[in-house]
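Colleague: Letter by letter, the chains look like this.
2 protein chains.
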Amino acid sequence: MLLHPPDPDLARRVAAVGKGWGGSFEVVDAPDWRRAVREFDGPVVHLTMYGLPLARVLPKLKGARRILLVVGGAKVPPDLYRLATHNAGVGHQPHSEVAAVAVALTQLLGVPGPGAWPGATRRIVPQARGKRVVGGRRGR
Amino acid sequence: MLLHPPDPDLARRVAAVGKGWGGSFEVVDAPDWRRAVREFDGPVVHLTMYGLPLARVLPKLKGARRILLVVGGAKVPPDLYRLATHNAGVGHQPHSEVAAVAVALTQLLGVPGPGAWPGATRRIVPQARGKRVVGGRRGR
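Chain order of the listed sequences is B and A. Quick note: the first sequence uses this note's numbering, first residue -5, plus one each step. Quick note: the second sequence uses this note's numbering, first residue -5, plus one each step.
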């Protein structure tokens, strides 16, 4: 994840989660976000309630090797609407940006399965009741 | 949404959003959340990374007229795992509770369409570029 403005504390906390639970997710500072958007090698999808319905944009992303999803804060710089390849809404009323990313990811990749991520030192064994964690110390 | 502990300021802000954008979403205090869960007239689905994969739980919800999704904060009271009809994970690594609700809702109901909610005084006209809002004052 490219993050602007930078938040070293968040980057550290996310890295700590990844250390136990595996995966390659990483928070990277993006001091010049416009440049990062312009130079991205693939479609840039700005998630905004003002955009076209996600269902209309998804078919255009078929075959893309890499996709950059962009969400803004309370005040989105207007030029992002122009710099993005697509402006797409997961809904057209005010909603959480975190929810927008989660819904877009599951529409693109499906709901994550029960398996652990590569490099995990601990993993959950899904249960009908209660908690079961194997390996490492318990997360959260 | 039943909320415990109560947060009157959040309830007020959500009500203000609904006033312009329509819909019947409402934040209601739940001073006794265990009672609300026990007396709910339908399946209670606790969203937790420790639960069974959502894909295994979804078929059991077919035909339910009402479903209560439950998410907890950092410390989930252990009896919730027993009180819930189902414990279901949208993922089995640490994740946002907001994301869990959003993913579960779209798995149950689909991604929301471009239309306005009943009672809206303003609505978005989805655009490839920029913003178009009809009626009311602009939201957010």
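Each hint should be verified, as a subset may be incorrect.
What the hints assert, rightly or not - If we take Cβ atoms under 8 Å as the criterion, some of the chain A residues that face chain B in the derived model are:
hint, residue
1, His(-2)
2, Pro(-1)
3, Pro47
4, Ala49
5, Pro53
6, Ala93
The hints are simulated quantities; they were obtained by calculation from the structure and are not laboratory data. All C-beta atoms, glycine included, are put in the ideal place defined by N, C-alpha and C.
Colleague: Could you tell me which of the numbered hints above are not met by this structure, giving the numbers in increasing order?
Modeller: 1, 2, 5
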